[in-house]
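*Asks:* Build the full structure now, drawing on both the sequences and the hints.
Sequence positions in the sequence shown follow this note's numbering and run 1189 to 1303.
Source of the hints: derived by calculation from the structure; they are not laboratory data.
A couple of the hints might just be wrong.
[To be verified] With beta-carbon atoms standing in for the labels, derived distance ranges: (1) F1201 with V1228: 16 to 24 Å; (2) R1208 with G1230: 21 to 29 Å; (3) V1227 with A1292: 41 to 49 Å; (4) P1237 with R1214: 33 to 41 Å; (5) A1217 with E1279: 19 to 27 Å; (6) V1283 with V1247: 43 to 51 Å.
Keep in mind it's a predicted model, so treat the numbers as computed, not measured.
C-beta atoms are modelled at their ideal positions from N, C-alpha and C, and glycine is treated no differently.
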Amino acid sequence: MIIKWLLVPAIIFAVYLSLRARSSLRGQARRKILAVLTVVAGVFAVIFPDSLQVMAEWVGVTRGTDLLLYALALVIIYLVGSTSVRFREQESRLVQLAREVALAEAEVRFRTQQN
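*Replies:* This is the structure in structure tokens:
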């Protein structure tokens, strides 16, 4: 079954991509390209539903819906990891901002006490 040889690296690749830092322009471009490809593939599957069955048979899956399920699982794995990384980055920025505000307030209090 070809699907096994396709899914295992695809899962590893999806996890790897989703856990990378998001701040680079290359990462942002990659996310946009992936979103466009997902939409195009979805529209293609709706317009030509038999093509999904043909692709499924080609990779060794019995039904096109199973192939669609595998693809959606990959997308969900990517989205969960990506969201997790984004939340961690935002939390880090929030902590840095809170520290800067606390230091600025402490400096203002120190100056008012000296006067």
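*Asks:* Determine for every hint whether it applies to the structure shown.
*Replies:* Going through the hints against the structure:
Distance hint for F1201 and V1228: a CB-CB separation of about 19 Å, consistent with the stated range 16 to 24 Å. In this structure the supplied range 21 to 29 Å holds for R1208 paired with G1230, their Cβ-Cβ distance being about 25 Å. Taking the beta carbon of each, V1227 and A1292 are about 45 Å apart, inside 41 to 49 Å as hinted. Separation of P1237 from R1214 is about 35 Å and conforms to the stated range, judged on CB atoms against 33 to 41 Å.
The given range of 19 to 27 Å is respected by A1217 and E1279, whose C-beta atoms sit roughly 24 Å from each other. Roughly 45 Å separates the CB atoms of V1283 and V1247, a value that falls within the hinted 43 to 51 Å.
Hint compliance for this structure: no hint is broken.
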